[in-house]
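A.B. asks: The residues making up each chain are set out below.
2 protein chains.
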Amino acid sequence: MNNEMLFKPLSEMMGDNCDNCSLAQKVAEHMRSLIMEGELAPETRLPNEPDLSSLLRVSRSTVRSALTILEQTGFVQRRWGVGTFIAKDPPTYNNLSINSGVTQLIRSSGAEPGFVEFMINIRPASEHIAHLLSLELEDPVVILERVRLANDRRVVFSLDIVPQALFKIDNKEIPLDEVEKFLYEKQSMYTFFRERLGLDIHHGLARIRPLTAEAYIAEKLGIPRKSNIFHIEQVDYSNDGEPLALTDEYYDAEAFTFYFYRSS
Amino acid sequence: MNNEMLFKPLSEMMGDNCDNCSLAQKVAEHMRSLIMEGELAPETRLPNEPDLSSLLRVSRSTVRSALTILEQTGFVQRRWGVGTFIAKDPPTYNNLSINSGVTQLIRSSGAEPGFVEFMINIRPASEHIAHLLSLELEDPVVILERVRLANDRRVVFSLDIVPQALFKIDNKEIPLDEVEKFLYEKQSMYTFFRERLGLDIHHGLARIRPLTAEAYIAEKLGIPRKSNIFHIEQVDYSNDGEPLALTDEYYDAEAFTFYFYRSS
DNA sequence: GATTTGTAAGATGTCTGACATCTATATTTA
DNA sequence: TAAATATAGATGTCAGACATCTTACAAATC
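Residue numbers (the working numbering), protein chains in the order written: chain Z, 1 to 264; chain H, 265 to 528.
No lab work stands behind these hints, which were simulated from the structure alone.
Treat the hints with caution; some may be incorrect.
Stated by the list, open to error - List time: in silico BS3-like cross-link candidates among lysine-lysine, alpha-carbon distance up to 30 angstroms:
(1) H:Lys484 to Z:Lys226
(2) Z:Lys226 to H:Lys490
(3) H:Lys445 to H:Lys490
(4) H:Lys484 to Z:Lys220
(5) H:Lys450 to Z:Lys26
(6) H:Lys490 to Z:Lys168
(7) Z:Lys8 to Z:Lys168
(8) H:Lys484 to H:Lys445
(9) Z:Lys220 to Z:Lys26
Based on the provided sequences and hints, a complete structural model is requested.
C.D. replies: Encoded structure:
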C-alpha cells in the first residue's frame, strides 16, 4: 500500500477521542491505531521524518514528538542515521502499558465483549477508597459490579468505584438508570466518562497482584476455587491529577496473557 | 534547594550508563534519577522550559524531548499554559515499566541485593528458548540460576539464559569463572553486558503470569507450597532489535507489590 | 585480490528563534 | 457585584539550518 494512502493529513481523519490532547498525541494515537489494526506491519520502515511531516501536514517537530511517544511505548524503533521502523513485536494486544479498559482489552484480543450479573449501588466510601479517591470518609460512591464476558466466556470480575459527586451535569444528578442503559449499549465506563460527563481520563496507576480465587470470585468467574487470578487495582486520573475512578479487576489467568514493554 | 544546584550542565554530571543514547535520553535519565532519589519531590514545579534549557546547557527541543519521555513514563505531568510538575505519584519503585533488572529493583526498594545457590552451566537450547532468542535448535546457551536476596530474605528465583555465542570478546571466549566472579562482585547481569561485552540492552518485552509455587520453586524461595508468585518471562533486545537474553523470574508475591503507569 | 580508507547520500539528532494557543490572574467595564 | 477583557507566562507548534550517525560504494593501499 502506498504511503499517500495511509498517512493522510490528520485533519481528514476520523475520531479524535481527545479534545485536550496535543497535536503530537493525536498523531501518535493515529499511528498507533494503524499499527494495532495491522495496516502497518511489524518491521515496516516508516517514511522519513520530513516526508511524514508533509504527508500528515504537521511540522517535523510534531512528528518527532509523536514518534518519541510511540518509541517509549514500544511501537516503533528508531535508529540514528538509519530510519524508523515498526517494532518487531509491537505490544498490540493485552498490553498493560495502555490504559484501555477491560472492554477494549477484550475487543483487542479479537473477542466480543459483554457482561452479566450487573449490579449498581451507592455506598459510603471506606477508608481505603476515600484515601485513593481523595474523598472524605463515608462520602457516597457509586459502585458498579460486573462479570465481563469475552465471547460469552466469563473472564473478568470488575468493580468500578466512582465518587457520586461526579455523576452530575450542570449540577443535575444523573439517575443510575441512565448509567445502566448507557453501559448496556456501549459497554465501557471510559466511554461514559468521555461522552456523557465530558471527562477525559489522562492516565491510570495500577497495582498488580497474583491471587488464588476464593469462593466468591471463583463462582463469579465460573472457575474452580484456588485457580490463579490477577488482581489489578487501578486509580484513574484526570489531566490535572485529580482521581476520577477506582477499579478493582479480577482476571482469570487462564484467559489472559499480559505483556508489557520495559524500556531501559 | 536552588535550581542552579540541581540542574547543572549535563556535561558535569556523573555516570553515563549509555553510550548509544541520545542526549535527550540522557537528560531524561538524569532527571528521572533526581526524582527517584527524592531530590525532586512529588508535585514540585519544574523551571520552565527555556530556563531548564539554559541550566542544563541543552536546547529547548532537547529538554522537550526529555520531558516527553518522562511524561510518557508517568514521572512528570505537563499542563499546557501552566507548567510542568513532578507527578503526584511518580512510579519510583517496583515499577514494571522500567527495565531495571532484579538487582536494581531490590535496591530501589531500599534493600540490599544479594544471591545464593548460584549455578551456571551450558545446555542446548530447547525449542522454546531457540524460538525466543532467534537461535537454532540445540545451539548452546549459558544458563545462570540464582536465588535473589533482599536483605538476606529470599525473594526471587531467577534464570538468565544467554546465547553462548555472546560470551566472547574479540572472538575469544570468556571463561565462565570470570562471569561468576563478576556477578559476585557487581550482582547484575545487565552491568556485565554493558561493561564486559559492550552490549546495551535497549528494551525488554515481558510476559507476566500469576502462579502458585510448586515444590521446587517453593523450596528455592523458602515459602509454603501453593503460595502466590509472579512469573515474569522476559526477552531483552539490543538497539537493533536482536534478542540478547531470556530471563525467567519467579517473585514471592508477599515480598513485592508491582506498580505500573498506564497512559490513555 | 583482499583489505583498508575515503566519500557521499540519507537518515535521525540537535540547535535556534519565532509565533500560536492555552491558563491564570489582574483589570476594566457594564 | 458580576461579567467581560487585557496581560503575563507557560507549553505547543512551526520553520530552517546544521551536526552526527549509518550505510553503501568507490578508490587507494598492501
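A.B. asks: Among all the numbered hints in the text so far, which are the ones the structure does not match?
C.D. replies: When the structure is compared with the hints, numbers 3, 4, 5, 6, 7 and 9 turn out to be violated.
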